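Following the hints, position chain G against chain V.
Protein chains in written order, with my numbering: chain V, 1 to 458; chain G, 459 to 549.
Since the hints were made in silico from the structure, they are not lab data. Predicted model only: the values in this text are computed from it and were never measured. Watch out, some of these pointers could steer you wrong.
Unchecked claim - Just the calculated beta-carbon pair ranges, DEER-fashion:
#	chain 1	residue 1	chain 2	residue 2	range
1	G	Val543	V	Ser300	19 to 27 Å
2	V	Lys326	G	Glu519	34 to 42 Å
3	G	Thr528	V	Tyr348	34 to 42 Å
4	V	Asn223	G	Phe542	43 to 51 Å
5	V	Asp17	G	Pro527	52 to 60 Å
6	G	Thr528	V	Asp368	47 to 55 Å
7	G	Val543	V	Glu224	45 to 53 Å
Stated by the list, open to error - Covered, in the sense of this in silico footprint (three residues per stretch, anywhere, with C-beta under 8 Å from a C-beta of chain G), are these stretches of chain V:
#	segment
8	139 to 151
9	223 to 231
10	332 to 338
11	352 to 360
Backbone N, C-alpha and C define an ideal beta-carbon position, used for all residues, glycine too.
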Amino acid sequence: MFDITQETIKSLRRRLDRREISAEELCSEFLKVSEAMNPGLKALALITGEEALSAAKTAQVRIDKGEACALTGIPAIINDNIMTEDITTACGSKMLADFIPPYNAGVIEQLKSADYVLLGKATVDEFGLGGSPRSGLAVSSGFAPYLLGTDTDGAIRRAAAFYGLTGLRPTYGRVSRYGLAAFASSLDQIGPIAKTAEDCAIILNSISVHDPRDAASFGNPNNEDFTNGINAGVKGLKIAVPKEFFSDNVSDEVRTALLEAAKTLEKQGAELINVSVKMTDYAAQTFCIISSAEAASNLSRYDGVNYGLRGEGASYAEQIVDSRSKGFGSEIKSRIMFGNFVLSGENYNDYFMKARRLRQKIKAEYDDIFKNSDVILTPAVSDLSGKTGKFISAEHYLADFCTVSASLAGLPCVTTACGYRVSGMPIGISLTGKKFGEATILQIADCLERVFYPENFS
Amino acid sequence: METSAFELLCEASQLCFADDEKADFMERLGSLIKFASVKNIDCDFNDEETVNSVSLGDLREDAALPSLPTEKLLANTEPLFNCFVIPKIME
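Okay, chain G solo, but in the shape it has when bound:
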């Protein structure tokens, strides 16, 4: 795997790696890509004629349900004066 392709995948995955980790992860990815190379497998299956293998039940009614308790939701956030601290989004 080329370094430029690896960097693009890092960006898409929102991950970064230290310089000493990069070689290992590039090798892992290369190994996975080689292993999972299925494009040349002859598969003349027409998936448009077959229902999806994952079947869905009835979707629930689109109705408002009670919210989860605020104090329980905030219990997993960074506490500051009983507020939910979010990162600065607008630069």
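Chain V extracted, bound-state conformation:
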């Protein structure tokens, strides 16, 4: 028996199609890993063993008919803020502790049409507010070969960087957000965390479908195959390196490793271009204002009336206040309060409208860079502070400056690893692409993975 925890989607597909293992056997083996390790790691909020085995059986019928597609019979973990019909989706919140969705998210419909196998729901911070990078733990520990996560402030990319995985935030609109519990609607995006860029490309091929239930959905109108750039090298590609991302915000060892990675790409035929993105200095503040304002609006639906935790009170108004006060955690409450502050009459122009203009300015700077470049190379995370989910001071939001710019600009961004720190932790590298430029950033990430981790491609 091979070690399933080391397998990629691509290799498992091959084994399933060659009948080296059945979908049910594969599912059972992954369940054994989750059931043994999850009590200690708590990477999963829920293990769906019975449903998984049933789905695996259905998948095997399809495989036996020779009708399998890329994800048929491949086990997956889904973030617990993505709706799964009849399966508890608590969004990491006491407010929705026992919520059972009556419908599937758009991405789940796509995966189900491929006969995927849902092994469990990944633990998330409340409403996906990405404090901790824990979502990557399920993949790095071998619970499943991939996870569908959510990325508002960079959670997918931070998790990938932390655990030495590959995480893709697709272009805003590429993947349907229908059925994702909304936190900040103009910033939320669903994307994959997997072991390789190629696996992320395979998953994106399956989930990038236009969904009329998400007004911002574009899907994949040209039927682009995101695996086209895999193993194609980087010759002729122009890679921008913005100096602001390589200042004191990252340690010497990270800066050195990233610049070496850039040089490696240059040796492979890419052209490096030094650029400047001045507005990055304000990205964290801009993100904080816009995301909090949107969260205050989105989370106002949780009043304990239609669903969710219901509090007590002598009047209707008191009951709503009690429901929300008991149901939300402290970080969410802070964001709601701050969101209402920036949306209030006297602060609206000084905070919210100013942040909207700064967001446009950030996007305009990126657009300018892309006139002469194909991708932008940056560190995946800064070294300002590790996000722990515990509020220390608002300054710790500055640590997000590496990830939130791409979120604000709605651009695709992939994170992979390019070596290790002295401490043994992986060093994450991010590649931001043009709008709908996922194929190019995955092509470069794949090239880096082949150089830095050749053992994975033998």
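For chain G alone, kept in the frame of chain V given last:
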């Protein structure tokens, strides 16, 4: 942050805090407001000349779609004799 401003935000947010929580949340809010103070940043960008950074696809046709199954919707409500219990709204 002054207590009166904090109380107004609590009302707008439909949240309340115990007395021993208030100081902590007022400090958090003060910290966020100070951190996100962007009003003095020079930003001469004319957002009226630029399309919004969030682009929208085609809106779906305004047509009635099948409802979600009632029994599944009621599964998340407070059950009482197979009815959906709502709070008393009219005082």
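Hints, verified against the model:
no. : hint                             : in the structure
1   : Val543/G to Ser300/V: 19 to 27 Å : holds, 21 Å
2   : Lys326/V to Glu519/G: 34 to 42 Å : holds, 41 Å
3   : Thr528/G to Tyr348/V: 34 to 42 Å : holds, 41 Å
4   : Asn223/V to Phe542/G: 43 to 51 Å : holds, 44 Å
5   : Asp17/V to Pro527/G: 52 to 60 Å  : violated, 37 Å
6   : Thr528/G to Asp368/V: 47 to 55 Å : holds, 53 Å
7   : Val543/G to Glu224/V: 45 to 53 Å : holds, 50 Å
8   : 139 to 151                       : violated (count 0)
9   : 223 to 231                       : violated (count 0)
10  : 332 to 338                       : holds (count 5)
11  : 352 to 360                       : holds (count 7)
In summary, the numbered hints that this structure violates are 5, 8 and 9.
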